[in-house]
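A.B. asks: Construct the entire structure; sequences and hints are all you get.
Sequence lines, in order, name chains A and B. Using this note's numbering, the letters of the first sequence map in sequence onto residues 1 to 238. Using this note's numbering, the letters of the second sequence map in sequence onto residues 239 to 433.
Just so you know, the hints here were simulated from the structure itself, not pulled from any lab data. Errors might be hidden in some of the hints.
[To be verified] Derived lysine-lysine pairs resembling BS3-like cross-links, with alpha carbons at most 27 angstroms apart:
#: 1; chain 1: B; residue 1: 302; chain 2: A; residue 2: 228
#: 2; chain 1: A; residue 1: 52; chain 2: A; residue 2: 12
#: 3; chain 1: A; residue 1: 58; chain 2: A; residue 2: 149
#: 4; chain 1: A; residue 1: 228; chain 2: B; residue 2: 284
#: 5; chain 1: A; residue 1: 59; chain 2: A; residue 2: 149
#: 6; chain 1: A; residue 1: 200; chain 2: A; residue 2: 164
#: 7; chain 1: A; residue 1: 228; chain 2: B; residue 2: 286
#: 8; chain 1: A; residue 1: 158; chain 2: B; residue 2: 284
#: 9; chain 1: A; residue 1: 200; chain 2: A; residue 2: 161
#: 10; chain 1: B; residue 1: 407; chain 2: B; residue 2: 431
#: 11; chain 1: A; residue 1: 161; chain 2: A; residue 2: 149
#: 12; chain 1: B; residue 1: 286; chain 2: B; residue 2: 302
[To be verified] Estimated spans, in silico, between C-beta atoms of each pair:
#: 13; chain 1: B; residue 1: 392; chain 2: A; residue 2: 144; range: 50 to 56 angstroms
#: 14; chain 1: A; residue 1: 101; chain 2: B; residue 2: 331; range: 38 to 44 angstroms
#: 15; chain 1: B; residue 1: 327; chain 2: A; residue 2: 188; range: 31 to 37 angstroms
[Claimed, not checked] Beyond 12 angstroms from chain B on every Cβ pair, some chain A residues (computed):
#: 16; residue: 22
#: 17; residue: 27
#: 18; residue: 29
#: 19; residue: 70
#: 20; residue: 159
#: 21; residue: 166
#: 22; residue: 207
Glycine is no exception: its CB is placed at the ideal position from the N, C-alpha and C atoms.
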Amino acid sequence: MRRNVGIGAVNKKRLAREKLAQKGTEIAEIQVQQVSQQMEVFKQSLEEFATKYRTEIKKNPEFRARFQVMCAKIGVDPLASSKGFWAQLLGVGDFYYELGVQIVEVCLATRPTNGGIITMSDLCSLLGRSSGKTRKDIQPDDIIRAIGKLSVLGDGFKVVKVGKDTLIQSVPGELSMDHTTALEVAGRNSGRLQVDSLEKLGWTSLRVESSLDTLLDQGMLWVDEVDKSYWVPAFFHA
Amino acid sequence: INPGNGSVKQWYQRRVRETNLRMATDYEFPWQYNFPPFFTIQPVVKTKEQQLQSWRSLICDYHKANRIWEVDISGDVFRNSKISRQLSPAGIRTVLQNLVEEGQGVMQGERCFVLWNSVAQWASLIHTWALDRGLANTVLTLFEIHSGDDTEGEPFHTMDVWLLHHVIKYLEKEGKAELMLGDSADFSDAGVKFF
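C.D. replies: Below, the structure written as structure tokens:
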């Protein structure tokens with residue numbers, strides 16, 4: 001008699017297959033169980049982490065920045081919504097929301113003087129002063145993220161790089177290349193801008209006049225009649 | 239040491255008060271004072287409005303801190319020698335005109351008095367002081383009010399006499415005082431009765 005042929009063998013094979021399948025299911029089940037257990041452990045650790053470090057995240061800007069990087073690596077956005085899992089757990093969404101509101105307040109308050117542009121460093125120091133409490137050290141990174149979130153409300157607020165300075169613009173409208181160039185020249189000279197420094201760039205007098213007029217109208221530039229120079233209050237520090 | 243009226247103790251107390259007053263007047267100019275364009279009246283309307291508002295604050299805070307009642311157009315307020323800038327005469331006129339328009343200054347001919355408190359506020363302060371001291375229905379000289387021992391430490395102590403009479407006329411209109419002018423044009427014999 002040949003082995004493994006015939007009905008017996010078929011049945012045996014079927015049985016073996018069934019048992020294997022069963023085993024497979026069992027193993028799968030165990031795996032799922034293990035994974036859920038791991039998830040449970042992970043979730044608990046996360047909650048502990050969140051509770052333990054929530055204040056730290058609010059208080060310490062370096063920690064906050066590193067935390068953001070870590071989240072980005074895992075593929076989590078804690079700022080996505082203040083109702084989100086992470087935001088609820090860590091209360092981080094609120095932090096940036098509150099910061100956004102304060103940024104708007106500071107920009108509106110300083111707009112009459114600077115025409116709607118303020119340097120990043122001025123904004124940081126004004127924000128640090130106004131909130132007191134747990135938030136002493138607002139970093140440019142925080143401001144950029146908060147403004148990023150504000151942008152969903154419209155484009156009144158943007159971050160503009162002018163030379164080596166970073167400005168926050170809180171008035172609608174685009175600053176043209178010419179405007180930012182003029183501001184940059186002023187920025188390199190403690191806020192002071194003279195017509196000939198723009199002419200040295202090869203600008204025609206019409207081009208110079210047009211840029212200066214727009215910036216003047218916006219209130220971003222003041223004129224000094226004594227030496228016919230222009231000044232950017234945002235860049236001026238006594 | 240010349241004790242003046244009363245004892246050495248009173249003299250000493252007065253000196254302490256005066257020193258405290260002087261220490262409180264270390265007025266710090268705002269950043270605009272060191273900003274050269276601040277001394278040019280800005281051509282752009284919105285910027286000018288902002289500028290004039292800053293000038294009003296500067297003028298009021300400066301005069302209040304130094305207890306100076308009348309504007310001196312050749313004074314420190316309108317010039318900053320450190321940056322070689324000063325408001326032109328036309329600029330000063332614009333600034334003072336705006337000050338008066340906003341109720342923070344009052345003109346008497348060519349003289350401009352700074353109202354860091356409004357006339358109504360001064361009226362209320364003086365009237366309350368008089369009633370609190372039980373001086374209603376008694377006649378006081380204007381001198382006693384602006385320079386008497388009894389008003390030392392009060393915010394209206396050292397007030398210019400013309401300004402004082404101006405405030406009392408306001409009280410008169412409210413029916414809270416009666417001004418009694420004497421013969422002299424400088425109010426040295428003028429009096430008031432509070433109700």
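A.B. asks: Now tell me if each hint is right for this structure.
C.D. replies: Structure-based check of each hint:
For a cut-off of 27 angstroms, the pair hint linking residue 302 (chain B) to residue 228 (chain A) is broken: about 34 angstroms separates their Cα positions. Between residue 52 (chain A) and residue 12 (chain A) the alpha-carbon distance is near 59 angstroms, which puts this suggested pair outside the 27 angstroms criterion. Proposed proximity of residue 58 (chain A) and residue 149 (chain A) is supported: the alpha carbons are some 17 angstroms apart, at most 27 angstroms. For the hint linking residue 228 (chain A) to residue 284 (chain B), the alpha-carbon distance of about 20 angstroms falls within 27 angstroms, and the restraint holds.
With a C-alpha separation of about 20 angstroms, the suggested pair residue 59 (chain A) and residue 149 (chain A) falls inside the 27 angstroms cut-off, and the hint holds. At most 27 angstroms may separate the alpha-carbon atoms for a hinted pair to count; residue 200 (chain A) and residue 164 (chain A) meet this at roughly 20 angstroms. With a C-alpha separation of about 17 angstroms, the suggested pairing of residue 228 (chain A) with residue 286 (chain B) holds against the 27 angstroms cut-off. Taken as a hint, the residue 158 (chain A) and residue 284 (chain B) pair is honoured in the structure, with Cα atoms around 23 angstroms apart against an allowance of 27 angstroms.
For the hint pairing residue 200 (chain A) with residue 161 (chain A), the CA-to-CA distance comes to about 22 angstroms; that is within 27 angstroms, so the pair holds. A hinted pair counts as satisfied when its Cα atoms are at most 27 angstroms apart, and residue 407 (chain B) with residue 431 (chain B) qualifies at roughly 12 angstroms. A C-alpha spacing of about 19 angstroms is found between residue 161 (chain A) and residue 149 (chain A), which places the hinted pair at or below 27 angstroms, so the restraint holds. As the CA atoms of residue 286 (chain B) and residue 302 (chain B) are separated by approximately 24 angstroms, the hinted pair is consistent with the 27 angstroms bound.
Remark: the range hint 50 to 56 angstroms for residue 392 (chain B) to residue 144 (chain A) is upheld by a beta-carbon distance near 53 angstroms. One distance hint, 38 to 44 angstroms for the beta-carbon pair residue 101 (chain A) and residue 331 (chain B), holds here, with the actual separation near 42 angstroms. Under the hint 31 to 37 angstroms, the C-beta atoms of residue 327 (chain B) and residue 188 (chain A), about 35 angstroms apart, fit the expected range. With a minimum CB-CB distance of about 82 angstroms to chain B, residue 22 (chain A) clears the 12 angstroms threshold, and the non-interface call stands.
Once the 12 angstroms rule is applied to beta carbons, residue 27 (chain A) is consistent with being away from chain B; the minimum gap is 74 angstroms. No Cβ of chain B comes within 12 angstroms of the Cβ of residue 29 (chain A); the nearest lies about 72 angstroms off, and the non-interface call holds. No Cβ of chain B comes within 12 angstroms of the Cβ of residue 70 (chain A); the nearest lies about 41 angstroms off, and the non-interface call holds. With a least CB separation of 24 angstroms from chain B, residue 159 (chain A) remains clear of the 12 angstroms interface cut-off, as annotated.
Taking the minimum C-beta to C-beta distance to chain B, about 21 angstroms, the non-interface status of residue 166 (chain A) holds against the 12 angstroms cut. Separation of residue 207 (chain A) from chain B is adequate, the least Cβ-Cβ distance of about 20 angstroms exceeding the 12 angstroms criterion.
The structure fails hints 1, 2 (numbered hints given earlier, in ascending order).
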